[in-house]
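So the protein sequences, as listed, match chains A and B. In this text, residue positions in the first sequence follow our numbering: the first is 71, and each later residue adds one. In this text, residue positions in the second sequence follow our numbering: the first is 71, and each later residue adds one.
Hints in this document: simulated from the structure, not taken from any laboratory. Where hints are given, some of them may not hold.
No copy labels: a pair is met if it fits in one copy or bridges any two.
Quick list of in silico lysine-lysine cross-link-like pairs, DSS-like style, CA-CA up to 27 Å [to be verified]: (1) Lys364 with Lys139; (2) Lys282 with Lys473; (3) Lys282 with Lys166; (4) Lys282 with Lys201; (5) Lys364 with Lys403; (6) Lys326 with Lys473; (7) Lys403 with Lys287; (8) Lys139 with Lys340; (9) Lys216 with Lys437; (10) Lys473 with Lys437; (11) Lys287 with Lys322; (12) Lys326 with Lys340; (13) Lys322 with Lys201; (14) Lys364 with Lys473; (15) Lys76 with Lys287; (16) Lys76 with Lys403; (17) Lys85 with Lys216.
Note that the structure is a prediction, hence the values are computed from the model and not measured.
Protein chains: 2
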Amino acid sequence: MADWQKIDGGITAPKGFKAAGIAAGLKSSGMPDLALILSETEAIAAGVFTTTQVRAACVDYCRQRLQAKASARAILCNAGQANAATGEQGWQDALKSAELLGTELNISPQAILLASTGVIGQRIKMDALAKGIPSLVAAASTDGGKDAAKAIITTDLVTKSIALETIIDDRPVRIGGIAKGSGMIHPNMATMLSFITCDAAVATHLWQDMLKRAVDKSFNQITVDGDTSTNDSVIALANGQSRTSAITEMGKNAQKLEAMLTAVCQYLAKAIARDGEGATCLIEVQVSGAPDNKAASTVAKTIAGSSLVKSAIFGRDPNWGRIAAAAGRAGVKFSQDELQIKLGDFILMENGQPLEFDRQAASNYLKQAAAGAYLQEDTVLISVCIGNGSGTSTAWGCDLTYKYVEINAEYTT
Amino acid sequence: MADWQKIDGGITAPKGFKAAGIAAGLKSSGMPDLALILSETEAIAAGVFTTTQVRAACVDYCRQRLQAKASARAILCNAGQANAATGEQGWQDALKSAELLGTELNISPQAILLASTGVIGQRIKMDALAKGIPSLVAAASTDGGKDAAKAIITTDLVTKSIALETIIDDRPVRIGGIAKGSGMIHPNMATMLSFITCDAAVATHLWQDMLKRAVDKSFNQITVDGDTSTNDSVIALANGQSRTSAITEMGKNAQKLEAMLTAVCQYLAKAIARDGEGATCLIEVQVSGAPDNKAASTVAKTIAGSSLVKSAIFGRDPNWGRIAAAAGRAGVKFSQDELQIKLGDFILMENGQPLEFDRQAASNYLKQAAAGAYLQEDTVLISVCIGNGSGTSTAWGCDLTYKYVEINAEYTT
């Protein structure tokens with residue numbers, strides 16, 4: 071049983087956080103494109119960033135800042151231009167963005183973290199940004215979470231926002247989060263971004279470790295098209311304003327906080343996979359029996375990322391051979407004589423032997439589960455057991471549709 | 071300059087080989103589905119097979135046979151049923167197939183190699199196979215290469231066949247090859263298969279080493295959808311009937327033979343990528359400046375396999391940001407300040423800085439090259455340099471189209 075409840079408010083649900091989202095003219099569509107998350111007091115800050123060799127300036131900037139000091143007052147995010155692969159000029163633009171916001175907020179630019187999303191190779195429209203910042207700061211409020219959630223999206227069809235509350239030391243402790251992303255990478259709108267706020271008091275190293283583990287069980291387990299972004303960033307702030315005692319080591323309270331943090335990350339990660347470009351349903355792949363969790367994760371992500379499996383699910387076709395083939399090529403050693411494959415409750419293969427099954431009923435399961443997944447009430451569930459090991463993992467993905475090709479072929483730079 | 075010339079005849083061009091392809095009723099379509107390649111005398115045999123954990127019975131069978139003795143008289147290939155993930159029964163069916171053909175040819179079943187392609191999880195239709203074998207053997211002839219090329223395909227739109235001739239010891243030496251595959255894996259028709267015949271006399275270990283290296287530079291460098299097959303097999307027979315002196319160590323003649331073998335493999339590999347499911351054009355990705363060839367290969371294959379790059383090429387969109395992003399996530403360390411990206415002759419990024427370029431002209435290049443690629447006269451060329459290293463590699467792929475999704479979603483098991 072979950073030890074927390076859902077509440078309203080998104081990233082401004084935790085105490086001491088304000089947020090804003092405005093249209094500053096960065097997107098040619100005129101949609102909101104500039105977001106601010108502001109902590110009233112200094113918050114400890116943890117970040118997990120893309121591991122790719124081609125990175126946006128903001129990713130290098132945040133890494134450097136957090137290495138120097140793991141705390142922050144504000145996060146500034148622009149949508150429309152990714153500021154990735156923009157060379158030295160992109161780096162200068164990042165520094166200038168922090169300076170502009172620091173001046174307006176009257177705080178050190180060092181206390182500001184940055185994120186960008188949009189077209190790779192395009193610089194931020196700095197004039198529009200400079201003009202927008204005073205309005206952005208003026209708009210910051212304790213119920214601005216929704217506006218910020220809107221201002222960070224690009225090709226997303228829906229905003230992704232959540233807030234959870236638990237009790238620590240008899241006081242409510244809250245975590246809020248927003249995310250954007252319609253794929254691990256967007257067409258030209260490269261990026262998966264998530265910002266998380268928390269009002270617990272927690273030691274810096276512990277917060278970073280918790281975030282890393284939570285990301286490994288959530289954002290790192292989703293795939294839409296296998297393309298990693300140049301801008302992927304997850305930043306989590308914790309400001310201690312719940313006034314609970316500081317969590318400085320692993321223990322009951324730390325576990326409670328980490329479980330809630332993980333739940334927030336998983337909610338947002340699944341929301342991204344469900345909103346995958348062109349997708350009609352969320353696919354959940356559960357792998358068990360692996361030598362360890364890492365091996366299970368590799369198999370789960372390979373199945374969730376297989377174009378053939380994804381196409382079959384789009385066709386509502388219980389084509390288990392493709393699932394077996396994807397598991398086999400994942401790079402994890404196992405005996406095919408121990409392979410078990412299930413689709414929902416239908417066992418399709420057992421001990422490496424194909425079973426007779428009701429193909430029509432299995433196809434009907436796919437149709438129903440996919441329809442339910444569309445309504446966010448269900449998922450298409452693929453379960454694979456590869457042996458007797460204790461390793462387990464869950465990955466999430468979406469189906470591959472005509473719409474995905476359309477979005478990515480017909481968008482012209 | 072190539073040291074050989076193209077000749078007619080495919081796999082029956084080399085001396086001492088016969089082949090046949092017939093419709094034995096394995097495919098419900100009634101198309102040819104059973105192929106035989108027969109060497110008049112014992113030929114040394116080399117094989118390279120899928121590395122996946124979920125393998126077809128014929129793959130395990132060939133591995134075992136070739137480990138015991140690296141020679142063969144015949145290859146039997148059925149299309150329609152992959153005989154993969156068919157458990158113990160699939161293994162018995164493989165043994166029985168070899169036994170049936172051995173009896174008909176009056177040779178040991180040990181001298182027969184097997185390959186299957188078709189729906190994963192389906193057993194070979196053994197009754198049809200048994201009935202077909204006498205006609206198959208009767209049909210074998212020295213100009214049966216074309217028939218065999220037809221009988222091994224499944225969703226392929228065209229057959230893939232080639233023969234080359236060079237001079238060794240003043241005598242003609244020939245290599246012929248056929249292949250099937252419309253992707254690394256087919257929808258339900260899992261498989262990339264290639265069979266190669268050669269009339270040179272060459273030492274067993276040398277032939278196996280040559281084949282391995284040739285496959286690494288050809289079949290292992292193509293990707294259609296990133297899904298590795300359960301049945302992938304390349305088998306090469308060399309029977310010595312050119313009556314040239316035996317090639318027993320690396321030297322001028324061995325290099326000549328290996329170069330020609332590599333050319334045969336690359337021709338067939340590119341033919342497969344060009345015939346990728348739903349593809350409209352062949353994409354060639356050349357990577358240079360890597361620390362070593364392996365690193366270059368990894369980057370080249372990641373770019374060629376990126377759904378976003380493939381979609382952009384389908385849209386004839388010079389969207390170099392996606393190429394940079396794919397290079398960055400390949401898992402190879404490089405400095406983004408040294409990245410150069412070219413599309414045809416257009417330099418789009420230099421020293422990690424985006425360059426101004428004529429977008430319309432670059433899009434026109436894509437349109438022309440893709441049209442040429444369709445006619446097998448051209449390819450869409452992407453060149454990426456990631457640093458100052460000496461590592462280079464070329465990979466081949468195809469664009470991602472609506473048709474790919476249609477083929478893979480609308481095929482119902």
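A quick look at each hint next to the structure:
Proximity of Lys364 to Lys139 under the C-alpha cut-off of 27 Å is found in neither arrangement, the shortest distances being 31 Å within a copy and 38 Å between copies. With identical chains, the CA atoms of Lys282 and Lys473 are never at most 27 Å apart, being 33 Å at best within one copy and 40 Å at best between copies. Taking CA atoms no more than 27 Å apart as the test, Lys282 paired with Lys166 passes in neither setting, with 29 Å inside one copy and 54 Å between copies. When the C-alpha separation of Lys282 and Lys201 is checked against a cutoff of 27 Å, the pair qualifies neither within a copy, at 36 Å, nor between copies, at 61 Å.
Taking the shortest Cα distances, Lys364 and Lys403 sit within 27 Å of each other both inside one copy (12 Å) and across copies (22 Å). In this assembly of identical chains, the alpha carbons of Lys326 and Lys473 never lie at most 27 Å apart, being 41 Å within a copy and 49 Å across copies at closest. Within a single copy, Lys403 and Lys287 get their C-alpha atoms as close as 22 Å, and across copies as close as 25 Å, so both meet the 27 Å cut-off. Proximity of Lys139 and Lys340 under a CA criterion of 27 Å is satisfied in neither setting, with 31 Å inside one chain copy and 52 Å between copies.
In this assembly of identical chains, Lys216 and Lys437 lie within 27 Å of each other by CA distance neither inside one copy nor across copies; the values are 33 Å within and 43 Å between. Taking the closest pair of Cα atoms, Lys473 and Lys437 come within 27 Å of each other both inside a single copy (18 Å) and across two copies (22 Å). In this assembly of identical chains, Lys287 and Lys322 lie within 27 Å of each other by CA distance solely inside one copy; the values are 20 Å within and 56 Å between copies. Taking the closest pair of Cα atoms, Lys326 and Lys340 come within 27 Å of each other only inside a single copy of the chain (21 Å); across copies the shortest separation is 55 Å, beyond that limit.
For a Cα distance limit of 27 Å, the shortest separation of Lys322 from Lys201 qualifies neither inside one copy, at 47 Å, nor across copies, at 71 Å. Taking the closest pair of Cα atoms, Lys364 and Lys473 never come within 27 Å of each other, the shortest separation being 32 Å inside a single copy and 35 Å across copies. Taking the shortest alpha-carbon separations for Lys76 and Lys287, only the intra-copy value of 20 Å comes in at or below 27 Å, while the best inter-copy value is 55 Å. Proximity of Lys76 and Lys403 under a CA criterion of 27 Å is satisfied in neither setting, with 41 Å inside one chain copy and 42 Å between copies.
When the C-alpha separation of Lys85 and Lys216 is checked against a cutoff of 27 Å, the pair qualifies only within one copy, where the shortest distance is 16 Å, while the shortest distance between copies is 75 Å.
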